[in-house]
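Protein chains in written order, with my numbering: chain A, 1 to 73; chain B, 1001 to 1574.
Among the clues, some could well be false.
Coverage of chain B stretches by chain A, computed from C-beta distances (three or more under 8 Å per stretch; other residues unrestricted) [claimed, not checked]:
no.: 1; region: 1090-1100
no.: 2; region: 1252-1265
no.: 3; region: 1447-1453
no.: 4; region: 1478-1489
Source of the hints: derived by calculation from the structure; they are not laboratory data. The structure displayed is predicted, hence computed values, not measured ones. Built from N, CA and C at the ideal position, the CB exists for glycine as well.
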Amino acid sequence: MRTYHWILLILLTLGTLLLSYFGPGPSHPHPWDRIPLFYAAFGFFGCILTIFVSKGLGKAVLQKKEDYYERHR
Amino acid sequence: MSAIAEMPPAIWLLGAAFLLCFTRNRISSALTVLVPLGALALLLQMDQGESLTLSLAGLELQPFQLGPVNRVFGIIFLLISAIGGIYAWHVNDRWQQVMATAYATGALGVTFAGDFFTLLVFWELMAVASAWLVFARRQPDSIRAGFRYLMVHFAGGSILLGGILWHYHETGSLLLTTLSPGDGPAVWLILVGVCVNVALPPLHAWLPDAYPKATVTGAIFMSALTTKSAVYVLLVLFPGWEILVYMGVIMTLYGVVYAVLANDIRQILAYHIISQVGYMVAGVGIGTELSMNGTVAHAYSHILYKALLFMGAGAVIQATGVSRLSDLGGLARKMRPAVWLYMIGAFSISGFPLLNGFISKSIIVSSAGEAHYPVVMLGLLLASIGTFLSTALKIPVFAFWGKDPGLSVRPLPATMYLAMGIVAFLCILYGVAPGLLYGMLPYDRTYHPYTAYHLVESIQILTFTFIGFWVLREKLAGARYIILDTDWFYRRGASLVDAWFVHPVNVLFTVSAFLRGKVVESASRTFRNPYHWFKMNTGPAWAFLPDRERPYLGGIIVWILMAFVLFATAAFLV
């Protein structure tokens, strides 16, 4: 990731922010629509949550060595 | 002419499967592409509402009926069969071609079935024919996985059959109709049987178990046909069942969690089939015209981009011989066209605007919001984060742009690229011109995917998922692990059943065989010379030597005569 990649992402986000303020609103509004950048936060924390929950489950029970089923035959 | 034009598509494919038993090489490859295309052309000309009825042993059957819903499924099944045929053009394996075509026959038979009997027959055909595509890889673990796959599908088919018989007993009709949750246990049995093929957790483990072990070309058919034909059956039988809304959301998230952990690239994609089918199941459960349109549209889109993803992963496996993410890397420079074609599929499944995943997934998500399921809507959006994370970030960043472990790359047949190119083109075409897909949908509900709101929603989620991934990307690197899933219950369960039920029986048989041997041995020792019992033996005790032990013949005759006289006298006196 170079600097201009990050700048592009920031510009993209600013663009969506402008669109959400000045563009037409949703046909079926939701309670969370009034929070600015709601979906950005949702995406970021959703991603982190997904990774940590999955990895936690994997470490706790789900991940086994590749010969697991062969050893237990 | 009209009789030929009105033949159900399944018949054409069945004929092709039969012909493929005798043809070879190019002719076989051409048949696998041209027959589905021909059947597609005929299907497009058929009038909706057309049907075929048949009376068999007093049962009213409807082996073919064409409606607005199954027309769309039929079109995409035939289209993907033809494209799968192009992808597999180089495969010179007669039985794989026969079975892939028979498998498509099964899917189309299910899709156009008007009654439960026809449905069940084609359902089982699908199970058997698709299992062959796993066996055909001819690796020991493929063969074992193929048997597990077959067993699970036979079990599911039996539950479905049980439900159908019960339902027939109660209603006296075999025709497919909408069922309602209050109709008694029969319909729930049918639901369970169908949900095995939908891959609804916990009945799903056959899918991520078998799909990564199927042949490179067979997996394309598998990714398209089994689950989506079952989604169609759900749409017909169980629309508006609220339990399916929640099961659908669980499915989407379940697949996502496992895909983060999986290491085999096709297993990651397989878990995302479960996740994506979850959207469709939720759409069936919501049961509004918009959500059911969404389910049909998403099935159509999903088949395309998922086939493209499996084709890309298959290309990697065919070229490198490696399927573990932890062993892959640096392919972006070595397999540039395949990588970019894969990326189109990956961006599509992630719901990037201008690609076909966006135009169909957003219908289901919006319909959840419209039908006042806000939590469901957020659950589905959360799953779309995970989809982007695993298919478009985890696989590409490590396998394509990751550190090159020095893999050698074999060249691929041009037909594989051609097939991928066609599907990628369709993914873009439907994304840019959603009207092409929306025009086919069964219910007359207008929907606009490219609203400011949806664009803001998608772009913000995708951008910040990427940022989250970039922060934590080290955590997602593949590692040489497998993940336990519900197949644990029958794979480990098998050894427990073996320990508790098979082993004791074996011990019993071994012990009784040993005892039987001992008894026979001692009996034969005891009885080999009865003279020895009374110490009357003149020869050795261990053997009866007739010449030594046998009494004079005269003596025996005297004894017999004496006995005869005795009986005769007794008879006279009495």
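Quick rundown of the hints versus the structure:
Counting residues of the region 1090-1100 of chain B whose C-beta lies closer than 8 Å to any C-beta of chain A gives 0; at least three are required, and the coverage claim is violated. Coverage of the region 1252-1265 of chain B by chain A holds in this model, with 5 residues showing a Cβ closer than 8 Å to a Cβ of that chain against a need of three. For the region 1447-1453 of chain B, the stated coverage by chain A holds: 3 residues have a C-beta nearer than 8 Å to a C-beta of that chain, and at least 3 were required. Residue count for the region 1478-1489 of chain B with a Cβ under 8 Å from a Cβ of chain A: 7. That meets the three needed, and the coverage hint holds.
The structure does not agree with numbered hint 1 stated previously, though it agrees with all others.
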